[in-house]
Amino acid sequence: MSFFERLRIGRRGTAYTAKQRLQTVLVHDRSGLSPGRLEALKVDMIDTLSRHVEIDRGSVQLSLTKERDQQRLVADIPLASQRSRRRTT
Amino acid sequence: MSAKIITITSGKGGVGKTTATANLGASLADLGYRVVCIDADIGLRNLDVVMGLENRIVYDLVDVVEGHCKLRQAMIRDKHLQDLFLIPAAQTRDKTAVSPQDMVRISDELRQEFDWVLIDSPAGIERGFRNALAPADLVLIITNPEVSAVRDADRIIGLIEAEEKGPGKLILNRVKPEMVRRGDMLATEDILDVLAIDLIGVIPEDEAILIATNRGLAASLDSKSIAGKAYRNIARRLNGEEVPFETLQGRDGFFGRISRLVRAGGER
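Line order of the protein sequences matches chains U and P. Using my numbering, read the first sequence as starting at 203 and increasing by one per residue. Using my numbering, read the second sequence as starting at 1073 and increasing by one per residue.
No lab work stands behind these hints: they were computed from the structure. Careful, some of the hints might be misleading.
[As the list claims (entries may be wrong)] With beta-carbon atoms standing in for the labels, derived distance ranges:
1. U:242 - P:1230: 16 to 26 Å
2. P:1142 - U:242: 28 to 38 Å
3. U:279 - P:1220: 50 to 60 Å
4. P:1260 - U:278: 33 to 43 Å
5. U:278 - P:1239: 27 to 37 Å
6. U:218 - P:1127: 45 to 55 Å
7. U:254 - P:1172: 48 to 58 Å
8. P:1314 - U:279: 50 to 60 Å
[As the list claims (entries may be wrong)] Residues from chain P shown here face chain U by an in silico Cβ test under 8 Å; the list is partial:
9. 1128
10. 1222
11. 1226
12. 1227
13. 1230
14. 1254
15. 1255
16. 1257
17. 1258
18. 1259
19. 1262
20. 1264
21. 1266
22. 1270
[Claimed, not checked] Subject to a maximum C-alpha distance of 27 Å in a straight line, what follows is the list of computed DSS-like cross-link-like pairs (lysine-lysine):
23. U:268 - P:1076
24. P:1301 - P:1076
25. U:221 - P:1084
26. U:221 - P:1241
27. P:1076 - U:221
28. P:1241 - P:1076
29. P:1248 - P:1301
Yeah, the Cβ is synthetic: ideal placement off N, Cα and C, and Gly gets one too.
Between the sequences and the hints, there should be enough to build the whole structure, so can you do that?
See the structure below:
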């Protein structure tokens, strides 16, 4: 990319925003999981997991990602560590 | 003769299906092929006015399906291209007047007599779309560089694949090169990246399209129209020719001109 092109793109155009939004909406469309249902799934998952292990409820992340043709549901579930538990009690 | 049957569809309405059908039909006929365009948008017909044949309609697609006339009687010959025909949609009926099986049967009959059968699909994903899809050998998906149109294109691509009519090819319509350059319009690469589909053509925004439609002519027969040229190139690609994709040059503004000068200087 040339210096001048970079200069112009310094202000990131709205096409960038459009592409980001499209990618997000298509991941949901293709999976049939709307953001609302994904949130409901997250709550159910936290409840189920909590029966077996103590987790840091507020930090659980559940997201849909796309790698080539493969759609993936990715969960990041931080366990409530002994140390943080001691701090909270 | 054994025609290739091409369905032009989009999901979203108003992105240029009918215009694309009329322009590709005229371009293919201009290449010397026998072409018939079928308007599958029953109840909201428009291919007749875009082709300028609205005053010549006697019978329509539903008349053929219901046996009120022979297939040949419903075919209207173009005013300018003697090997281009239109089978118009009915205006006073709805999509249920025709079934996917009817479309397959009619298309198979036309296959004997033509080189190309182009089917103008209605918007949406319901019966009308299913009718248009059923006989297709190849599906062309048309979209605009807008979030809503691309989203609908993605949905339609999924449905086409589910019907085993995929993968289909993409026409990107109404591109404004200047806006793309500014970063305010999705670029062709962005859309291909998101949709993961092969491209068959990019049509620039061109006033000649509206002017041609006003008159009921195909812009692809206007040698000065840039969109018309892009349609002629798609027709040649359909015909198996290797035609390089056009680079759309918009006016660049001050920085663009300087940057081009600098780059040209650097290359020397």
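Against the structure, the hints come out as follows:
1. For residue 242 of chain U paired with residue 1230 of chain P, a C-beta distance near 24 Å keeps the hint of 16 to 26 Å intact.
2. Taking the beta carbon of each, residue 1142 of chain P and residue 242 of chain U are about 57 Å apart, not inside 28 to 38 Å as hinted.
3. In this structure the hint that residue 279 of chain U and residue 1220 of chain P lie 50 to 60 Å apart at CB is violated, the actual value being about 35 Å.
4. The hinted window of 33 to 43 Å between residue 1260 of chain P and residue 278 of chain U holds, with their beta carbons roughly 35 Å apart.
5. Under the hint 27 to 37 Å, the C-beta atoms of residue 278 of chain U and residue 1239 of chain P, about 34 Å apart, fit the expected range.
6. In this structure the supplied range 45 to 55 Å holds for residue 218 of chain U paired with residue 1127 of chain P, their Cβ-Cβ distance being about 48 Å.
7. Hint check: residue 254 of chain U to residue 1172 of chain P, Cβ distance near 51 Å, so the stated range 48 to 58 Å holds.
8. Between residue 1314 of chain P and residue 279 of chain U the beta carbons are some 52 Å apart, a value that agrees with the proposed interval 50 to 60 Å.
9. A distance limit of 8 Å between C-beta atoms decides the matter here; for residue 1128 of chain P the minimum to chain U is near 42 Å, and the interface restraint is violated.
10. Against a cut-off of 8 Å between C-beta atoms, the interface hint on residue 1222 of chain P holds, since the closest Cβ of chain U lies about 6 Å away.
11. Look at residue 1226 of chain P: its Cβ gets to within about 5 Å of chain U, closer than 8 Å, so that hint holds up.
12. About 6 Å separates the beta-carbon of residue 1227 of chain P from the nearest beta-carbon of chain U, less than 8 Å, and the hint is met.
13. Because the beta carbon of residue 1230 of chain P sits about 7 Å from the nearest beta carbon in chain U, less than 8 Å, this interface hint is met.
14. Of the supplied interface hints, the one on residue 1254 of chain P holds, with its beta-carbon coming within about 6 Å of a beta-carbon of chain U, less than 8 Å.
15. Here the hint on residue 1255 of chain P is kept, as its CB sits about 2 Å from the closest CB of chain U, short of 8 Å.
16. For residue 1257 of chain P, the shortest C-beta to C-beta distance to chain U is roughly 6 Å, which falls under 8 Å, so the interface hint holds.
17. Given the 8 Å rule on beta carbons, the hint for residue 1258 of chain P holds: about 5 Å separates it from the nearest Cβ of chain U.
18. Below 8 Å, beta-carbon pairs count as interface contacts, and residue 1259 of chain P has one with chain U at about 7 Å; its hint therefore holds.
19. Among the interface hints, the one on residue 1262 of chain P holds; its C-beta lies about 5 Å from the nearest C-beta in chain U, closer than the 8 Å criterion.
20. Because the beta carbon of residue 1264 of chain P sits about 11 Å from the nearest beta carbon in chain U, more than 8 Å, this interface hint is broken.
21. Checking residue 1266 of chain P against chain U: minimum C-beta separation of about 5 Å stays under 8 Å; hint holds.
22. This hint is violated: residue 1270 of chain P has a C-beta 15 Å from the nearest C-beta of chain U, more than the 8 Å allowed.
23. Taking the CA atoms of residue 268 of chain U and residue 1076 of chain P, the gap is near 35 Å; set against the 27 Å cutoff, the hint is violated.
24. Between the alpha carbons of residue 1301 of chain P and residue 1076 of chain P the distance comes to roughly 22 Å, so the proposed pair stays at or under 27 Å and holds.
25. Between residue 221 of chain U and residue 1084 of chain P the CA atoms are separated by roughly 18 Å; this keeps the pair inside 27 Å, and the hint holds.
26. Of the pairs offered as hints, the one joining residue 221 of chain U and residue 1241 of chain P holds, with about 20 Å between alpha carbons and a cut-off of 27 Å not exceeded.
27. For a cut-off of 27 Å, the pair hint linking residue 1076 of chain P to residue 221 of chain U is broken: about 35 Å separates their Cα positions.
28. Of the supplied pair hints, the one linking residue 1241 of chain P and residue 1076 of chain P holds, its CA atoms being roughly 15 Å apart against a limit of 27 Å.
29. For the proposed pair residue 1248 of chain P and residue 1301 of chain P, the alpha carbon gap of about 16 Å is at most 27 Å, so the pair holds.
In this structure, the earlier hints numbered 2, 3, 9, 20, 22, 23, 27 are contradicted, and the remaining ones agree with it.
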